[in-house]
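Number of protein chains: 2
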Amino acid sequence: MSVIVGNSEFRPLPNNPGAKITGVHESLLQECEKDIIWYRDNFFGKSHQNYLALDSPRGPLAISVIRDADTYKALLRTTAGSERLSVSSSSIPTSFVRRLFGLGPSTVNLMEGISRNIPVRSLRMCKEPNLPNELLSMEERQVIRSYKFGVAYVAPGQCSEEEMFSNRNENTSPAFKQFLNFLGETIELRGWKGYRAGLDTSGSNLTGTHSVYTKWQGYEIMFHVSTLLPFIPGDRQQLERKRHIGNDIVVIIFQDSDVPFQLGSVTSHQNHVVAVVKPEGENYRTIVAPKNGVPGFTPDLPEPCVFGQDAVSRDFFLHKLVNGERASYKAPSFAPKISRTRSVLLYEVASKFLK
Amino acid sequence: MSVIVGNSEFRPLPNNPGAKITGVHESLLQECEKDIIWYRDNFFGKSHQNYLALDSPRGPLAISVIRDADTYKALLRTTAGSERLSVSSSSIPTSFVRRLFGLGPSTVNLMEGISRNIPVRSLRMCKEPNLPNELLSMEERQVIRSYKFGVAYVAPGQCSEEEMFSNRNENTSPAFKQFLNFLGETIELRGWKGYRAGLDTSGSNLTGTHSVYTKWQGYEIMFHVSTLLPFIPGDRQQLERKRHIGNDIVVIIFQDSDVPFQLGSVTSHQNHVVAVVKPEGENYRTIVAPKNGVPGFTPDLPEPCVFGQDAVSRDFFLHKLVNGERASYKAPSFAPKISRTRSVLLYEVASKFLK
Chain A
132 MSVIVGNSEF RPLPNNPGAK ITGVHESLLQ ECEKDIIWYR DNFFGKSHQN YLALDSPRGP
192 LAISVIRDAD TYKALLRTTA GSERLSVSSS SIPTSFVRRL FGLGPSTVNL MEGISRNIPV
252 RSLRMCKEPN LPNELLSMEE RQVIRSYKFG VAYVAPGQCS EEEMFSNRNE NTSPAFKQFL
312 NFLGETIELR GWKGYRAGLD TSGSNLTGTH SVYTKWQGYE IMFHVSTLLP FIPGDRQQLE
372 RKRHIGNDIV VIIFQDSDVP FQLGSVTSHQ NHVVAVVKPE GENYRTIVAP KNGVPGFTPD
432 LPEPCVFGQD AVSRDFFLHK LVNGERASYK APSFAPKISR TRSVLLYEVA SKFLK
Chain B
132 MSVIVGNSEF RPLPNNPGAK ITGVHESLLQ ECEKDIIWYR DNFFGKSHQN YLALDSPRGP
192 LAISVIRDAD TYKALLRTTA GSERLSVSSS SIPTSFVRRL FGLGPSTVNL MEGISRNIPV
252 RSLRMCKEPN LPNELLSMEE RQVIRSYKFG VAYVAPGQCS EEEMFSNRNE NTSPAFKQFL
312 NFLGETIELR GWKGYRAGLD TSGSNLTGTH SVYTKWQGYE IMFHVSTLLP FIPGDRQQLE
372 RKRHIGNDIV VIIFQDSDVP FQLGSVTSHQ NHVVAVVKPE GENYRTIVAP KNGVPGFTPD
432 LPEPCVFGQD AVSRDFFLHK LVNGERASYK APSFAPKISR TRSVLLYEVA SKFLK
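These protein sequence lines are chains A and B, in that order.
Under my numbering, the first residue of the first sequence is numbered 132, with each subsequent residue one higher.
Under my numbering, the first residue of the second sequence is numbered 132, with each subsequent residue one higher.
Keep in mind the hints are simulated off the structure, nothing from the lab.
Hints should not be assumed to be uniformly reliable.
Put simply, identical chains are the same to the list, so a pair is met inside one copy or across any two.
[Said to hold, decoys possible] In silico BS3-like cross-links for lysine-lysine, where the CA-CA straight-line distance does not exceed 25 Å:
{"hint": "1", "residue 1": "K483", "residue 2": "K461"}
{"hint": "2", "residue 1": "K258", "residue 2": "K177"}
{"hint": "3", "residue 1": "K151", "residue 2": "K324"}
{"hint": "4", "residue 1": "K324", "residue 2": "K165"}
{"hint": "5", "residue 1": "K177", "residue 2": "K483"}
{"hint": "6", "residue 1": "K468", "residue 2": "K373"}
{"hint": "7", "residue 1": "K177", "residue 2": "K373"}
{"hint": "8", "residue 1": "K177", "residue 2": "K204"}
{"hint": "9", "residue 1": "K486", "residue 2": "K151"}
{"hint": "10", "residue 1": "K165", "residue 2": "K177"}
{"hint": "11", "residue 1": "K165", "residue 2": "K461"}
Hey, can you work out the whole structure from these sequences and the hints?
Encoded structure:
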């Protein structure tokens, strides 16, 4: 074990002896992307009903409902997330009188049949033709297509965050440079047109001259590399470095040291997953430690958790980090922020169309 | 030069001394994906006009038109491809009488203003509410999300296609096995749930027990590896191998031989891009030779064209191959097939809605 947990909030994940290092076999779609596909395939461009609530016991919400043969399909969007629902039309009661007039179930019966806890009394139907577009673009705004991961170099003899931010790039080892090549491409920041992750690309080099970047499975990943960020002599905390890496949800610690790393020295509230990578010859022994409250995430780590530098190992490692960031959004420390964002987006749409 | 061109149809691409090995910086969107985005963003879910032709001087076609402020936007779908068009409404003549009645331009004036050569007389407007969905799904069916590339092992002393198909897997070199690891993951075919590229995944092992696969930038790539396909003793041509690799548009030749490879020995009509990879220590010296008629494709090859085994080199190499396959679709030997597919798809939609 090359980390010390102490009273840190981070806990190393157990290795799973049945797990294997594989490439990406599963779908990488995010929940909001699945919502978009569900809405596009089943509702958009077809005659369907939309209900909005500006202010309900569950906050602002938007519900889309369509009857498709013997099934009612619905997309229920709340501040907590979206639910894709299907119910048989026979399970929804329709009064004798409504049936007599060839009508479907009442809104109250329909909503209660689709899902419990829909605040029916707060809903208002909205027939504005532009609403479906707005609902879709609201979901689109939640799709995350870029990631920023911190990478910190821990020199021989070091074991804490403060020490690691003090390292100069010219003093890093060849193994670290090789690891950066494993992660991605060293790009020049001046004039960089891709995802910049808060780095200065104006040519003023305020955040260093180069960074490490990759496009992986269609996602852009920028690495905030501690030793490529500016070193300010005399600044004990190296705030210019901590400002970026302290704001990353996932941080990779490259442990070029035989002293166990103190997880307790990682104190930023934003950091949720720490991956400690220790070079062993050409391989990387890896520990992944999520913060308390981050739910489990795939892929499971093998036993021993040692990666090569091959393409499959790299896919596995980046897959674990991307999923670690996605799982972090659900942590109690993070979920309220996501929920607040959804709340604002839902409120914007509802207030625009329920004038 | 480690290939002999002779009277082959393949011509090695020149190296570009200004080119660099980089990761994927540009968009990988296919033209049909750009068409889908253009239609979704500008037409779908909004009030717009669709015109169909079942049989016109340009074959079946479908045109979508929308007025957006002072601009007419159109998507013109023909058997040759789609055009995304924008024209200022002021450039389209509208007769005095039509203006008097608050009408827009006539269909003839509109179409002539949008693009020359639209066979206006063949068009019929279609207001079926389900048409936009069908137009979108027609485009969706043209998006290619999976690729199959051939990989053939050329043993020391060999120089032709026939020889290379005769190699047994147990006689390949460690360098070749390392190259397969560079390309992707060796997966078991039995029960494989991903893209299978025509291979047998039933468990009968009719096409061997394993293959090499990767998910790259969201695309699935299956490699048809010559020595992992069944070896049939006594079959001089090894048709079980040639049947798969001969049907691949892109074929990688792993040249474990100092004898120059004879490009003329690659005779399959389907093969359009040959990449000859020669191991040099831990690196790969590479020649990419497209067939006559394949238009140019990015990224440019550097001088010297030598790749490492790092992630950036791999991204560059796979990027070149994917773009090589995409460029091949435009070759005279291939374009008619693509055009015929589009023709069938357009005819299906037009005949369904112009009953």
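For each hint, the structure was consulted:
no.: 1; hint: K483 / K461; in the structure: neither (29 Å within a copy, 47 Å between copies)
no.: 2; hint: K258 / K177; in the structure: both (13 Å within a copy, 13 Å between copies)
no.: 3; hint: K151 / K324; in the structure: between (37 Å within a copy, 17 Å between copies)
no.: 4; hint: K324 / K165; in the structure: between (29 Å within a copy, 20 Å between copies)
no.: 5; hint: K177 / K483; in the structure: both (22 Å within a copy, 18 Å between copies)
no.: 6; hint: K468 / K373; in the structure: within (22 Å within a copy, 56 Å between copies)
no.: 7; hint: K177 / K373; in the structure: neither (50 Å within a copy, 48 Å between copies)
no.: 8; hint: K177 / K204; in the structure: both (13 Å within a copy, 22 Å between copies)
no.: 9; hint: K486 / K151; in the structure: neither (55 Å within a copy, 56 Å between copies)
no.: 10; hint: K165 / K177; in the structure: both (18 Å within a copy, 23 Å between copies)
no.: 11; hint: K165 / K461; in the structure: within (17 Å within a copy, 33 Å between copies)
Violated hints, in rising order: 1, 7, 9; the structure is consistent with all others.
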